[in-house]
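**Q** Residue numbers (my numbering), protein chains in the order written: chain A, 61 to 365; chain B, 61 to 365.
Mixed in with the good hints, there may be bad ones.
Identical chains share a label here; the pair holds if one copy fits it or two copies do between them.
[Said to hold, decoys possible] Derived BS3-like pairs: lysine-lysine, alpha-carbon spacing no greater than 30 Å straight-line:
hint: 1; residue 1: LYS214; residue 2: LYS333
hint: 2; residue 1: LYS146; residue 2: LYS214
hint: 3; residue 1: LYS214; residue 2: LYS362
hint: 4; residue 1: LYS146; residue 2: LYS362
hint: 5; residue 1: LYS146; residue 2: LYS333
Since the hints were derived computationally from the structure, they do not count as laboratory data. Values in this document were obtained by computation on a predicted structure and should not be read as measured data.
Number of protein chains: 2
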Amino acid sequence: MSSFPRAVRIVEVGPRDGLQNQRVAVPTATKLAWIERLARAGLREIEATSFVRPDRIPQLADAAEVAAGLPRDPGVLYSALVPNRKGLEGALAAGISRIALFTAASETFCRENIGVGIAESIERFRELLAAAGGTDLWVRAYISTCFGCPYEGKVPAEKVVEVAERVIDLGVDELAVSDTIGVATPADVHRVLDALEAVLPVTRTALHLHDTRGTALANVLAALGRGIATFDAAAGGLGGCPYAPGASGNLATEDLVYLLDGLGIESGVDLVKLIEASLWFEGELGTELPSRVLRAEAATRKRGS
Amino acid sequence: MSSFPRAVRIVEVGPRDGLQNQRVAVPTATKLAWIERLARAGLREIEATSFVRPDRIPQLADAAEVAAGLPRDPGVLYSALVPNRKGLEGALAAGISRIALFTAASETFCRENIGVGIAESIERFRELLAAAGGTDLWVRAYISTCFGCPYEGKVPAEKVVEVAERVIDLGVDELAVSDTIGVATPADVHRVLDALEAVLPVTRTALHLHDTRGTALANVLAALGRGIATFDAAAGGLGGCPYAPGASGNLATEDLVYLLDGLGIESGVDLVKLIEASLWFEGELGTELPSRVLRAEAATRKRGS
């Protein structure tokens, strides 16, 4: 463990990746109150929303209102997902200066998800970055399905590298290497990161894990051992498929912070405050969130009362 | 990962540690049909029951019937937990030749759980082993709460070593170092196993993990890296506290096998057959089991249908 980073960045993606699959409509004011609680818990990078077409993801139709209402804390960096030119304009107009773009390592998943193939999605990146030329944007790119695809099965590492190289050439600041369907084990993490090493420095690599099969924290451990120091997570583990209540979604921020605290790795997040934020938010949602640390804490409180 | 063992032993503890906390009464015939399915899935070591006082754990009151009805497959090793002289006699009479004894690294937990302190529990070990002197028993000892105790909090590694040394002196074959309440992170695994190294060879060390906070597989990964090659698990992740539906219990065998398969480590278990066994069993129980791999598979089937 001596090779572990001393501190990590957590990118909180609950308000975007978590909420986009929620069946329950969450009022804008509730989203903002939640984001404020997340920031107060010490989360310093929050992906707040997505400027997508409202008919495609109605849960995030209030992107402009959310962006405009974000608590202005100079210590917190907010970002938004931007799928196209119109989305970029919306984000810029709302004062967003950190954007996230989306592509995939699997052709079928890319088409199913955003309606265009990988090549066209990267061409869009180029146009967006050209359009934003005069601005001081910070840009992250998600590469989805780097480990497995629901349509194509196991994704070869060479495919990930090929997509990554083309994206890096465009000058993005960070790549989020994503296990979109939560199939990776530590062997896959090593396989893909070994292949990426030559084209992508660890300082620009984020790992975006889903905990669908319970392997997310083992994958974090493997990645920490390689010096990876940026991890995405969603408060409460929000982001499970709405049609499969038992299957969980994004790696839960609580579970990640619990692990990091145990390892003595600094994240800046106060786990107690984070749990309070999630307990409050699941009250608003009217549903239990899957984070195991959250459930263990809730169970302890129930027994205690 | 080059230092990982090529193969591991999985000790399936679902029928004992999993069932003892179930609220639903499971008929003996159902338990036996489940155990047969687990054995057919490739589980070669199964802790089948506990010869405890029926008034203490009514769910396992049929220990003698379960032991007598176990499918006689020469490739499968069955064991039973034995708390006292009467339990030992019952186990021996039922043809059990592998027994598990129980103590703890936390005095309060030991008293709360079995009514006597650590010293007295180890004195019982001595009496039991003396009583069984003429037989060819294989003996495992659980040391509960090696990482944390619900009453005393964090447990010092020196305490674990102290208890382990006294147990090893009695000549047991294996120690199950147990994270009874699922609080350990990989740093704790290293801390405790570092301390135990001088008194306990890895070949006689089993790790018994609960996944209460989602860290179990990360802990397995850390332990594999030290050459630990015996892990307890419960099919379906059975064993969650009955009063806290969301909080999970034992490390799920499915999740462990998924990780090991991904790492290319042999366990002998066929994951597909194991999932079938658990889906069948949760149908019998009338409740969903918490294993994430199981839930992901169930969700995939639901979407597919």
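**Q** Would you mind marking each hint as holding or not holding in the structure?
**A** Structure-based check of all given hints:
1. LYS214 x LYS333: between (38 Å within a copy, 21 Å between copies)
2. LYS146 x LYS214: The answer is neither: 34 Å in one copy and 54 Å across copies each exceed 30 Å.
3. LYS214 x LYS362: Only across copies: LYS214 and LYS362 sit 22 Å apart there, 42 Å inside one copy, limit 30 Å.
4. LYS146 x LYS362: Neither: 48 Å inside a copy, 36 Å across copies.
5. LYS146 x LYS333: neither (37 Å within a copy, 50 Å between copies)
Hints 2, 4, 5 from the list above are not met by this structure, while the remaining hints are.
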